[in-house]
Amino acid sequence: MKNSNNKNSIRKEIYVTAVLFGILFMAMIVYLARFLIVDSKTFIYNSYNSRFSVFADDITRGDIYTADNVTIATTSKDEEGNEVRVYPDDRLFSHAVGYVGHGMAGLEASYSFDLLTSHIYLKDQINNSLTGQKSMGDSLYTTFDYDTQKAAYEGLGMFDGAVIAIEPKTGKIVAMVSKPDYNPNTIDKYWDDINDEEKSDSALLNRATNGAYPPGSTFKIVTTLAYLRDGNSASDFSYKCSGKINLDDYTIHCSGHKSHGQEDLLKAFSNSCNSAYAYMGTNIDRDSFISTSEDLLFNKPLPTLLKGTKASKLTIDNSTKESIVAQTAIGQGRTTVSPLHMCMLVSAIANGGELMEPYLVDRIISADDKIVSQTEPVSYGTIMSAEEVSLLQEYMEAVVMDGTADSVDFGDLNVYGKTGTAEYTENKKITHSWFVGFASDDKGNKLAVAVIMEGAGYGSKYAAPLAAKVFNAYYK
Amino acid sequence: MVSVITSFSRITILSYILIFTIIDLALIFEPKLNDVVAGILTTIQSVMVVLFLCNGAAVLYFSKGDSNIILYTAFQLVFFIALAIVLNKLFIPASPALTNNILLLLSFGFITIERLNLDKSVKQLIYAIVSLFITTIVILIIREISDISRFLFVFAIIGALSLIAITLAGNIEYGARLSFNILGIRIQPSELVKLSFIFFLAGCIVKYRDFKGYLFSTIGALVHVLILVHSKDLGTALIFMATFVFLTFIAYKNYILLALEIGLGLIGGIVAYNTFPHIRTRFIAWSDPLSVVDDKGYQISQSLFAIGTGSWFGSGLNKGMPTKIPVVTNDFIFAAISEEMGAIVAICLILIYMCTSICFFNVAFKCHNSFYMLVVSGIAVDFSLQTILNIGGVIKFIPSTGVTLPFISYGGSSLLSMFLAFFIAQCSDGLWRPMKGSRKYHEE
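Each protein sequence line maps, in turn, to chains A and B.
Residue 144 is where the first sequence starts when you use my numbering, and the numbers rise one by one after that.
Residue 120 is where the second sequence starts when you use my numbering, and the numbers rise one by one after that.
Calculated from the structure, these hints are not laboratory results.
Be aware that a few hints might be false.
Unchecked claim - Some chain A residues flagged as far from chain B (calculated, every beta-carbon gap over 10 Å): (1) Lys-184; (2) Phe-186; (3) Asp-201; (4) Thr-214; (5) Thr-217; (6) Val-229; (7) Ile-263; (8) Tyr-264; (9) Tyr-289; (10) Asp-373; (11) Gly-399; (12) Thr-425; (13) Pro-520; (14) Ile-573.
What the hints assert, rightly or not - So the derived label-pair ranges between C-beta atoms look like this: (15) Ile-514/A - Ala-203/B: 36 to 44 Å; (16) Ile-514/A - Asp-238/B: 46 to 54 Å; (17) Asp-584/A - Thr-400/B: 55 to 63 Å; (18) Arg-399/B - Lys-456/A: 27 to 35 Å; (19) Thr-131/B - Glu-223/A: 32 to 40 Å; (20) Tyr-191/A - Phe-194/B: 36 to 44 Å; (21) Glu-223/A - Leu-190/B: 39 to 47 Å; (22) Gly-382/B - Arg-177/A: 53 to 61 Å.
Built from N, CA and C at the ideal position, the CB exists for glycine as well.
Start from the sequences, fold in the hints, and give me the full structure.
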């Protein structure tokens, strides 16, 4: 009987052990459920996931529409009855919508799972599956405005470059164009040609979100904020421009070797005076410069619902040569930005300092018109103070009224902007043409725009007039 | 038509598994059920097992169009009946619910391997039959040995020697030495050494008691674990360590010791992390598989693609792409189940494993003999931990350790070891044979 007592006294620890393992089992169930609810989409959307092709056996890929209800991607049948993906506007939305064929890109890639999921009534789905018919996948309603996209596309013309337009209040991307482009309808046929290494124009790259451009003078927005956040006030600034400034063994010239004379901060900004900004840049504490630029989204992933955007880069530290810092301050040097990033900064200025995260899909609708999901605007937070915003708005207005862009006809709109002319090779004659800015109509509806035209020349001559066309199309 | 059967079966299979799981939970957590009700519920469970197996096989038959599947299914059903008869002949099983759970797990294995690879499913059936045969003989032998605990050092020496043999001459697989090839059959001795190790530990504890027993079992455990670490089979080393830790905890009831041992285990883990590059690799693949998706994170990423894309209700049998996952029939079979039968079934499966684990612990709790109580406790720990390591690795709950999923994964050694464990547990009350004239460790 002694042993029996021994056994009884052991009992409890068996249960303690069992409970410990039970907790681990339950934790795994919670983890698995959490994975499916929260994390699984990251995995499903990954381009290494080859399981999409299985869905296409039962579901017809859904359509994609603009916000004003124009079909920009649909599925129809060829003569042999095979499904083909059709893009009615050929190249107009090439990077924005992407393609299906040789892999996927754009919205076709990031929303593939939704396009190949059907939310029609289960009864109809079962009915379809019984009769061997495919069910219709869900459709995307994008944030694009057809006419604005078209104005941007046609305005860019033969130039390479990018245009992106964002509604500052919500973060909706209204237009997004990148050139060189491709025709998504024939991408399969011309795949080898598009990817020809000798051409190396990377037509598949969406320059609006993934371009890495020198920002040129549009960067002076960042430098101005860095100067203010380094403990200076706008009224402190004064500089006498002689058309050039010497730093180390390097000379920075003002555009057209023009000498601007005595300037305050507003004049330096609206004249886009390189000498003044080079001087200003070298007087900003470098740690403070870096931290301001990082508050303005440099060197980190952009806060946006878009997938795979490129982070902008700014590299200076305490060992950087003064001449490089001066070049950084005027948007040259080693800094690179994407048009999307510049547009987001301007959008925050337009929206009182609050940055709304840009997005492309407004809602997903089932084939029987039920709303499957609706995107709510997401605020990233306030990246500029009210004083900074009002100052920048004043400066950007001056650029348009009597600064570098005063020759551009923006019609009746109130426009706030900054031009840029960015050198990108040793040859200083060939420059990218930049314009970033926003417009407001008399009802207070705003639109932020970033335009870059590669190798076009002065920002005021090419990019700003294109921005005017985009604004006009949007407010028409 | 095939599509209709598959879609429809998604719902029916889900129902069978749900019913089975609910009964499982009721039987475990509602001890006041009277015998008649419990008997009815157990019978319903058995019916669900058969329905599940047949329905799964029907879907595979229609979608693959291979009539051999019908034949295999017939054999599998006969095998189940044989298993139940043998078990009842050997001894009145300690837990009828446990038997149902094991049969369902085996059905999951049969169906999923049949889905993934028909050749392997034939082999798996043969392994199961051979395992049942060997297990029966082993049980008959054990039953005749009086006071088996006195052979504890024999168990330790056989175990350690087999492990040393793999270290010296085993095949290297995935960076670890795991197996031998004997007459063309791949044998993984560590699966069986798990059992001899449990017998050794239980023997040590009941023979020597107190400090001496603890000392001997510690030395024995260290020898086993170090050899396994040397052959880089760290998943198994972890299982051995945990078996030792919990068995001594159950025997010596010392919570401080338990905490100390777990602490030492953690330190050992950190040392191992810093010593073995292939552990670090697995950690990286675990913490952010997509960053190394085309290399070290490929397998776990494929597994998560499968589970994620299959979603709650699954793609339907034979409609997913589980074969994209490397070694899916062995270590990652859980992902294949989740992809095609859905995550709800997968979660039920985890619950069924949990219930099975509790069944094993219950059998240990009710066992009348100290030695077998410890043996069955060891089996319960081993079974639970192996399941958690496998499923946890597949769903990215923990880094993958390369252990098999009990009763489901393809492979003869693991199946045999699990059959032995299951039969020993079910017959545990009838296995003990005291020395003639001695009542020392006998029941009351």
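Name the hints, by number, that the structure is in violation of. Hints 1, 2, 3, 15, 22 are the ones this structure does not satisfy, whereas the remaining hints hold.
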